[in-house]
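Engineer: Single-letter residue listing:
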Amino acid sequence: MAQTDLRALQDTEFPVPEELQANIAITSLDKIYNWSRRSSMWPLLFGLACCAIEMIGTAASRFDFSRFGFEVMRGSPRQSDLMIVSGTVTKKMIVPIVRLYNQMPEPKYVLAMGACASGGGPFKEGYNVVSGVDKYLPVDVYVPGCPPTPQALLYGMITLQKKIDGQSLANLDDVPWYGVGPSEPTPVPVLGPDIIDPRQMELIREQAQQAALEAPFGARELPAWVNPAEVAQETTVVEETQDGAEDGIDPATAARIRKREEAMARLAARRAAKGGQ
Amino acid sequence: MMDVVADKTQLDISASIELLRERWPDAISHDNRDGFSGIIVDPAQLDDVALAIRDELGFDYLSSVTGVDYLGIADHMEVVYHACRTSGGPALVFKAQTGRDDPRVPSLVSVWPGADFQEREAYDLYGIHFDGHPDLRRILLWDGFDGHPLRKDWQEAYFEEEHKPFDSRWPGGQVYRAEEKNVFGKNVRYPDDLDLGRLNDVSESDLYQGLGLGVDVQALDSDGLRTDRLVVNLGPHHPSTHGVFRMVVTLDGETIASLDPVMGYLHRNHEKIGERNSFLHNMPFTDRLDYISSMSNNLGYALAVEQLLSQGARYSPPTYRAECLRVLMVELTRIVNHLWSLGFLLNDLGAFFTPMLYANNEREKILDFFEATSGSRLMCNYMRFAGVYRDIPERIRSVANLVNDKVRDYNTMDYLTEMVNERLPRFLDEYDTLLTRNEILRERTVGVGVLLAEDAIALSTCGPLLRASGVPYDVRRADPYSIYPELDFNIPAGKNGDIYDRFLVRFQEMRESVRILKQILPRLEQSQGEAVVTKIGHTPRVPVGEAYGRVENPKGELGYYVVSEGDPKGPQNPWRYHVRAPSFINLTALGPMCVGHKVADVVTILGSIDIVLGETDR
Amino acid sequence: MYGQGIARGLLVTMKHIARSYMDDIRYAGRKYSGEGNFGTRQGMQATGSYTVQYPDEKVAVPERFRFIPFLIVEDHDHPERPGHDWCTSCGICAKVCPPQCIWIVRGRNPQTGRPVPEPDAFYIDIDICMNCGYCSEFCPFDAIKMDHDYELASYDRTSAHIFDKQKLSKEMSHWKRIAPTTALEEMQARGGWEHMDIIREKAKAERAAARARKSAPKQSS
Chain A
1 MAQTDLRALQ DTEFPVPEEL QANIAITSLD KIYNWSRRSS MWPLLFGLAC
51 CAIEMIGTAA SRFDFSRFGF EVMRGSPRQS DLMIVSGTVT KKMIVPIVRL
101 YNQMPEPKYV LAMGACASGG GPFKEGYNVV SGVDKYLPVD VYVPGCPPTP
151 QALLYGMITL QKKIDGQSLA NLDDVPWYGV GPSEPTPVPV LGPDIIDPRQ
201 MELIREQAQQ AALEAPFGAR ELPAWVNPAE VAQETTVVEE TQDGAEDGID
251 PATAARIRKR EEAMARLAAR RAAKGGQ
Chain B
1001 MMDVVADKTQ LDISASIELL RERWPDAISH DNRDGFSGII VDPAQLDDVA
1051 LAIRDELGFD YLSSVTGVDY LGIADHMEVV YHACRTSGGP ALVFKAQTGR
1101 DDPRVPSLVS VWPGADFQER EAYDLYGIHF DGHPDLRRIL LWDGFDGHPL
1151 RKDWQEAYFE EEHKPFDSRW PGGQVYRAEE KNVFGKNVRY PDDLDLGRLN
1201 DVSESDLYQG LGLGVDVQAL DSDGLRTDRL VVNLGPHHPS THGVFRMVVT
1251 LDGETIASLD PVMGYLHRNH EKIGERNSFL HNMPFTDRLD YISSMSNNLG
1301 YALAVEQLLS QGARYSPPTY RAECLRVLMV ELTRIVNHLW SLGFLLNDLG
1351 AFFTPMLYAN NEREKILDFF EATSGSRLMC NYMRFAGVYR DIPERIRSVA
1401 NLVNDKVRDY NTMDYLTEMV NERLPRFLDE YDTLLTRNEI LRERTVGVGV
1451 LLAEDAIALS TCGPLLRASG VPYDVRRADP YSIYPELDFN IPAGKNGDIY
1501 DRFLVRFQEM RESVRILKQI LPRLEQSQGE AVVTKIGHTP RVPVGEAYGR
1551 VENPKGELGY YVVSEGDPKG PQNPWRYHVR APSFINLTAL GPMCVGHKVA
1601 DVVTILGSID IVLGETDR
Chain C
2001 MYGQGIARGL LVTMKHIARS YMDDIRYAGR KYSGEGNFGT RQGMQATGSY
2051 TVQYPDEKVA VPERFRFIPF LIVEDHDHPE RPGHDWCTSC GICAKVCPPQ
2101 CIWIVRGRNP QTGRPVPEPD AFYIDIDICM NCGYCSEFCP FDAIKMDHDY
2151 ELASYDRTSA HIFDKQKLSK EMSHWKRIAP TTALEEMQAR GGWEHMDIIR
2201 EKAKAERAAA RARKSAPKQS S
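Protein chains in written order, with the numbering used here: chain A, 1 to 277; chain B, 1001 to 1618; chain C, 2001 to 2221.
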């Protein structure tokens, strides 16, 4: 759709090769389009946890993110372009967050601020914590830190602007909203015995059937991981024992040596702690 | 006769306990476990004993209610109550024990209405049924959640080990993300008998049923005008709820008929994680409770663990300089917090951002000092057991590291002196002129959200909310800690208990904090060079016992109930780690305060309570 | 009089506006340049409110600032062991880490299988790290420190947010540069700029030499 329209914009004074015509118009349009979009990113006024305090600190006069066009924070998702997920996302909260995201008009962006929003953060192990908002929403920029300082957030925002600068009308894979029609809303999770992502219903059903047959529900064993250094050591040990049994170290001795080394390390640590006092 | 009653309310803790024991020799026994104190009350007699504790002995203020699961130690559940007198003094601890299979304890809401939310929390997280509780629903998790997570035999999806440090981290540290171990790639754990047939969003039905919407519409209105009650949801995403707090408000026209707070949108499982952590591990987690005043959160926790440690052999209390530094930080935090809360109270009133920006300017100056001293603006993690992290630096100096970095270099003591003696008083005067006599502010706040003194005490409110109602109860005076006894300061209290009084009390508290800081600075000069921390290592041996450390946080009484299992060879983790969060308990008063006011006043009343969700939901 | 309070409040805001411009005039021409002026504007003396013009000017963070940890390695021009880890893989940082975001594989000598004092692998998941600084505070060898670089935003966390040893390692000179005072204090506690093991070995060698010197004349006499 976009391509046919754009051909009309081309300057007839300069002949452009047939195969390049669409691209050239898009590039200059891209620039204007991206510039205007990235210079008026309005974040959703919406704070979750500790990071929200730093976000407000960034909005305040000392750091002032309106200098970058993050001008006003809008209370309504209908008026905002950017969702700054500022803090720990809990299972109870992800339901409204997904709803809010669905209500935002496209093009829309998500910035995960802080460790919690990116990947669960220090609370990752908690039973009510979603380990990263990207489990439910597409995240454009991650800002690490716990909490990120205002300047770190500003850097994240500039990073987002760079991302927008790189987007093109011609590349529909990169930016879904240039396609025809509105995109599908993200399915809203359901609070059951635990949170249920509707996109995973098939998988859950499958696992539930297996659980009825007394298989563990949802657990997955990680493949055993071997330290490459240890592999090397094993082979060399074998070689050594072939060379001569006296030089080789039998497992019992190795274990004893290891224990002693550990004890030495502990002792050294204790001494160091004393010395540092 | 009157004299006897008056005497009883003056009895100290042990005499009070003796008196109770005489009255109920069978139902009350001393808690004789090592390191524990207080009494154990037979649940059957709990109501009567509680009434006697409140009315005869004068413990009118129920500070904290919490459950403990002693699985594997004694195989029972315990409900622990801390009751205090608003006139001051330490807490009377009493406990009720009940079996783990069907834990039941009579509710004390009729005695202390402030137990309402705390009992609901214990029900939610432990499954303890409080017989006679008017509205026993889950409070932090949603209806239909599988299990009661704080029970010791309950494990979450990302469960790795019972105690930290985890063995998988060292020496064979195979890095992995916890979600890789889950087929769903998420932090989920479904029960084996998951019924996929009924997975509608049923989790809210109980909430709406509790609102009394089933009222007969015709009967509501006798004049013949057809009116209906309207339910309005405020939050969890609402700019004025100070986070992810939700209120379900039933409106009659524009007047509030009932208000039901819904919490748990930031329930980060602080206590479950805290029981897995070692004692030291918990310190940075306390930063994230009330994330505006991390320094005072640290102090409360340090006090609680120091209470336990002081029963052991090798422990020396913090030095004088460490205490001075603690008070310095805590009082600066109080100013930071009140600046923030006043700014946002004005924001809620419609004075969008100007008062906030002015307040934030001063706040940033204090944060710069925090950053230079502790390393972080918000998450200070500054207190340690028996001291503080490090002494204040000689100079607040930054070093250029990144491109375009601009450096600052100030002498720390000059910076502090200038701030405390000139800048902050000047700013407070200016802020006073800006706001206090503003007619719009007064119109919106005077007489709104009134909380009477008796109600404030009964509802266990604390901090500026309680003091604005005319109860000069401040833990710094009532149960002094650190070097507060030797400092000269007043406890500001209001008269009317409305929003305006809370505003004034906060303002006055900032001035008092400045006054305290002025006394601290010379003490810092004098104690220069003293050590600030007694090193006790990263895993101190914590003796068995319980401790309740409480401090006057900017938002109110913050208490930590810590139980140590005390096995010298085992992992050094708290068996129970409970936070008595002022924001959480202050919300008990929100509903009663709002009823009868207009819907526009709700956000103001909420703003005047000054909640922080990290602490409310934990 | 009704309205007096509002009028007074408005006077205060007027004063704030005026003050900001007054300071503009006072620092005319020098406002966005010069190191000293920045400190004045951000310090106690400033009267107006100033915006830090990030990214053209950044508030440099103080020495004790903590963000993501990094591992200290010897400088590339170190005479004896350039690029050698200071970490001895003793595992204390992994133990004191509150959210348990540190994974260490203890180093082993590939020939003998005995542990050697350096890590084979070292990972920090910065999506879990809470920047508390315990690792650097309790490290007995001063081998892990908190970095000051906060400009870490990225588009993809799966690849970028688990820092491995290579990404974590920074030279000792970096630490000396970003935290001169703290580095100096640590040096004094250790007794030299070298790693504690080297200092200890040197002291041991010296003691042995001294003993040898002492015992040597005895034997001869």
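Hint data in this document are derived by calculation from the structure and do not stem from the laboratory. Ideal Cβ positions, reconstructed from N, Cα and C, are used throughout, including at glycine. Please note: incorrect hints may appear among the correct ones.
As the list claims (entries may be wrong) - Computed cross-link-like contacts, DSSO-like style, restricted to lysine-lysine with a CA-CA straight-line distance of at most 30 Å:
no., chain 1, residue 1, chain 2, residue 2
1, C, K2170, A, K163
2, C, K2167, A, K163
3, B, K1535, C, K2170
4, B, K1518, B, K1495
5, C, K2204, B, K1518
6, C, K2167, A, K162
7, C, K2204, C, K2214
Said to hold, decoys possible - To give an idea of the interface, some chain C residues facing chain A are shown, with a C-beta separation under 7 Å as derived from the structure:
no., residue
8, M2001
9, Y2002
10, I2006
11, S2049
12, P2115
13, I2128
14, Q2188
Claimed, not checked - Stretches of chain C that chain B covers, calculated by requiring three or more beta carbons in the stretch to come under 8 Å of a beta carbon on chain B:
no., region
15, 2090-2097
16, 2134-2148
17, 2177-2187
18, 2195-2203
Engineer: With reference to the structure, classify each hint as holding or not holding.
Structural biologist: Consistency of the hints with the structure:
Only pairs whose Cα atoms come within 30 Å are accepted, and C:K2170 paired with A:K163 is accepted, the gap being roughly 29 Å. Simply put, C:K2167 and A:K163 have alpha-carbon atoms about 24 Å apart, close enough for the 30 Å limit, and the pair holds. Of the supplied pair hints, the one linking B:K1535 and C:K2170 holds, its CA atoms being roughly 29 Å apart against a limit of 30 Å. For the given pair, B:K1518 sits about 28 Å from B:K1495 by alpha-carbon distance, which is consistent with the 30 Å threshold.
A hinted pair counts as satisfied when its Cα atoms are at most 30 Å apart, and C:K2204 with B:K1518 does not qualify at roughly 51 Å. Only pairs whose Cα atoms come within 30 Å are accepted, and C:K2167 paired with A:K162 is accepted, the gap being roughly 24 Å. With a C-alpha separation of about 15 Å, the suggested pairing of C:K2204 with C:K2214 holds against the 30 Å cut-off. Because the beta carbon of C:M2001 sits about 32 Å from the nearest beta carbon in chain A, more than 7 Å, this interface hint is broken.
At a threshold of 7 Å, the smallest CB-CB gap from C:Y2002 to chain A is about 31 Å, leaving the interface hint violated. A hinted interface residue such as C:I2006 counts as satisfied when its beta carbon comes closer than 7 Å to some beta carbon of chain A; here the least separation is about 22 Å, so the hint is violated. For C:S2049, the interface hint holds, since its Cβ comes within 7 Å of a Cβ in chain A; the closest pair sits about 5 Å apart. At a threshold of 7 Å, the smallest CB-CB gap from C:P2115 to chain A is about 5 Å, leaving the interface hint in force.
Below 7 Å, beta-carbon pairs count as interface contacts, and C:I2128 has one with chain A at about 6 Å; its hint therefore holds. Below 7 Å, beta-carbon pairs count as interface contacts, and C:Q2188 has none with chain A, the closest being about 10 Å; its hint is therefore violated. Counting residues of the region 2090-2097 of chain C whose CB lies closer than 8 Å to any CB of chain B gives 6, so the stated coverage by that chain holds, three being the minimum. Closer than 8 Å: that is the beta-carbon criterion, and the region 2134-2148 of chain C has 5 residues meeting it against chain B, so the requirement of 3 holds.
For a cut-off of 8 Å, the count of residues in the region 2177-2187 of chain C with a CB near a CB of chain B stands at 5, and the three-residue condition holds. Residue count for the region 2195-2203 of chain C with a Cβ under 8 Å from a Cβ of chain B: 0. That is fewer than the three needed, and the coverage hint is violated.
Violated hints, in rising order: 5, 8, 9, 10, 14 and 18; the structure is consistent with all others.
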